[in-house]
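A.B. asks: Sequence:
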Amino acid sequence: MSPCEVPTLAADTDIAVFHDSTGELIAERYEVLDEIGRGGQALTFLARDRQTDERVVLKELDLRRAGDWKAVELFEREGEVLRSLAHPAIPRYIDAFQVDGTAEDTDIIRFFLAQEFVPGESLRERIEAGRLLDEEEARRLLVEIFDVLDYLHSKSPPVVHRDIKPANIIMRADGGIALVDFGAVQEVVQETAGGDTIVGTSGFLPPEQLMGKASPASDLYALGATVVYAMGGVHPADMPMRGMRLDYRGAVHCSAKLDKLLEKMLEPAVEDRLSDVRQARGQLSDETSLPAKSRTKLATEPVTIERDADTLTVTVAPRVPQHTPFSITALAVALVLPFLVVSSKVLYFAAAVPILAAMTFWVGDFGVLTHVIELTPRTFSMQRRWGLLRWTVRGQLDDLHGADVYTPESSPKFSLLDGTKERVIAARLDEASCRKMGKHIEMYLDEYNR
748 MSPCEVPTLA
758 ADTDIAVFHD
768 STGELIAERY
778 EVLDEIGRGG
788 QALTFLARDR
798 QTDERVVLKE
808 LDLRRAGDWK
818 AVELFEREGE
828 VLRSLAHPAI
838 PRYIDAFQVD
848 GTAEDTDIIR
858 FFLAQEFVPG
868 ESLRERIEAG
878 RLLDEEEARR
888 LLVEIFDVLD
898 YLHSKSPPVV
908 HRDIKPANII
918 MRADGGIALV
928 DFGAVQEVVQ
938 ETAGGDTIVG
948 TSGFLPPEQL
958 MGKASPASDL
968 YALGATVVYA
978 MGGVHPADMP
988 MRGMRLDYRG
998 AVHCSAKLDK
1008 LLEKMLEPAV
1018 EDRLSDVRQA
1028 RGQLSDETSL
1038 PAKSRTKLAT
1048 EPVTIERDAD
1058 TLTVTVAPRV
1068 PQHTPFSITA
1078 LAVALVLPFL
1088 VVSSKVLYFA
1098 AAVPILAAMT
1108 FWVGDFGVLT
1118 HVIELTPRTF
1128 SMQRRWGLLR
1138 WTVRGQLDDL
1148 HGADVYTPES
1158 SPKFSLLDGT
1168 KERVIAARLD
1178 EASCRKMGKH
1188 IEMYLDEYNR
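Read in order, the letters of the sequence shown correspond to residues 748 to 1197 in this note's numbering.
Mixed in with the good hints, there may be bad ones.
[To be verified] Straight-line alpha carbon distances no greater than 20 Å define the calculated SDA-like cross-link-like pairs of lysine to any residue that follow:
| hint | residue 1 | residue 2 |
| --- | --- | --- |
| 1 | Lys1007 | Lys902 |
| 2 | Lys1168 | Arg1141 |
| 3 | Lys902 | Glu891 |
[Said to hold, decoys possible] Pairwise CB distance ranges (calculated):
| hint | residue 1 | residue 2 | range |
| --- | --- | --- | --- |
| 4 | Arg1141 | Asp985 | 54 to 60 Å |
| 5 | Ala1016 | Glu820 | 26 to 32 Å |
| 6 | Glu827 | Gly990 | 27 to 33 Å |
| 7 | Leu957 | Glu827 | 46 to 52 Å |
| 8 | Ser903 | Ala1064 | 41 to 47 Å |
| 9 | Gly990 | Arg802 | 45 to 51 Å |
| 10 | Ser1002 | Asp1146 | 48 to 54 Å |
| 11 | Glu1053 | Pro954 | 35 to 41 Å |
| 12 | Asp1146 | Glu782 | 55 to 61 Å |
| 13 | Thr799 | Asp994 | 47 to 53 Å |
| 14 | Arg1141 | Gly990 | 22 to 28 Å |
| 15 | Gly997 | His1148 | 21 to 27 Å |
Note that these hints are calculated values from the structure, not bench results.
Backbone N, C-alpha and C fix where the C-beta goes; we use that ideal spot for every residue, glycine too.
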């Protein structure tokens, strides 16, 4: 089981510079337990941190193996990036330091990076053992990696991993995943036309990276190649090519929907490829890929979601039929009460108007009214209906910040966040329905408003 894997040993590497560090105490803190990875320039160990008594991953770069200072620069960059990241699927940074000399050779300069140990096996180990992913597992993997990439690419400047591959994806023992080996990471702002050192792995490397350029879309290509390898068992470097396109369909059999997503992720021209992880996540989701003017009915509650090319409509039908004695009585109370207040001379007639509006929304909490939310690329509207009566709030989509589900002990409450206002849309629905509505709305906002 390997928490981190590095490229295979280069053929021309001097084997003598790789020493057995098992049992060595490094920096008077890290006790080396075992070697778990060996590359052309770096060694990776499992070690015990004597300060915390926890197992850690210790990555070592010996200056004699580095070849040039570029390798040292990449190694130091990995430490700097890890220090700045905080995500549950990225191993936690612990320490970075330099050790000068050993008992055998005082001229040795070694650089070390310590990070959290992630129990599990790499996706590459799983593939090589013949345990390929089915479509459900592949979708789950995509969702989890999309979440990590969304975090990385949303940083300012965006952080591009540049070496996503099965060896760098750890299948955690608890069922989650971890993305490791940030030695190739690059901040987009640092890219230059002069060509950075080419990093990445054959088969998972998008064409633009061969020219020393990388963008968030480069990670999507590598992830697409990773998934077709994990599903088909054929390494992308061994798959046939049609033009510049990877012809994976002979090895991978999946639904038309997943196939379309993989095709867009593996477009060789970066301008034709999905450029944003949120677009990719939206295409994977059943909810955002509804056919034109399609309708989804949630089974647990009277909630209908309609999506055409650019409009999302969410309708919550009344939980109580609108023409029952209860619903008519409830609405009558809302209409008559303000006038009773006025007749008692507590308030002027003008004050009845806002009270009337408030009372109609109060009645809505009893499930008497129909609630309709409509989102377009520029505007939104929230409407409550009873028969021919309408109460509507409108605004600009830019002002809509998201959806919120509040779950008190009594019943969940679904709201839209309009600027500084929280507009309650539906109450007394089950939590699953509220969260389902929120997911649709959040994905629409991701597409048009963020």
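A.B. asks: All the hints need checking, so say for each whether the structure fits it.
C.D. replies: How the hints compare with the structure:
no.: 1; hint: Lys1007 - Lys902; in the structure: 28 Å, violated
no.: 2; hint: Lys1168 - Arg1141; in the structure: 13 Å, holds
no.: 3; hint: Lys902 - Glu891; in the structure: 18 Å, holds
no.: 4; hint: Arg1141 - Asp985: 54 to 60 Å; in the structure: 57 Å, holds
no.: 5; hint: Ala1016 - Glu820: 26 to 32 Å; in the structure: 30 Å, holds
no.: 6; hint: Glu827 - Gly990: 27 to 33 Å; in the structure: 39 Å, violated
no.: 7; hint: Leu957 - Glu827: 46 to 52 Å; in the structure: 25 Å, violated
no.: 8; hint: Ser903 - Ala1064: 41 to 47 Å; in the structure: 43 Å, holds
no.: 9; hint: Gly990 - Arg802: 45 to 51 Å; in the structure: 47 Å, holds
no.: 10; hint: Ser1002 - Asp1146: 48 to 54 Å; in the structure: 38 Å, violated
no.: 11; hint: Glu1053 - Pro954: 35 to 41 Å; in the structure: 40 Å, holds
no.: 12; hint: Asp1146 - Glu782: 55 to 61 Å; in the structure: 57 Å, holds
no.: 13; hint: Thr799 - Asp994: 47 to 53 Å; in the structure: 49 Å, holds
no.: 14; hint: Arg1141 - Gly990: 22 to 28 Å; in the structure: 49 Å, violated
no.: 15; hint: Gly997 - His1148: 21 to 27 Å; in the structure: 46 Å, violated
The structure does not agree with the numbered hints 1, 6, 7, 10, 14 and 15 stated previously, though it agrees with the rest.
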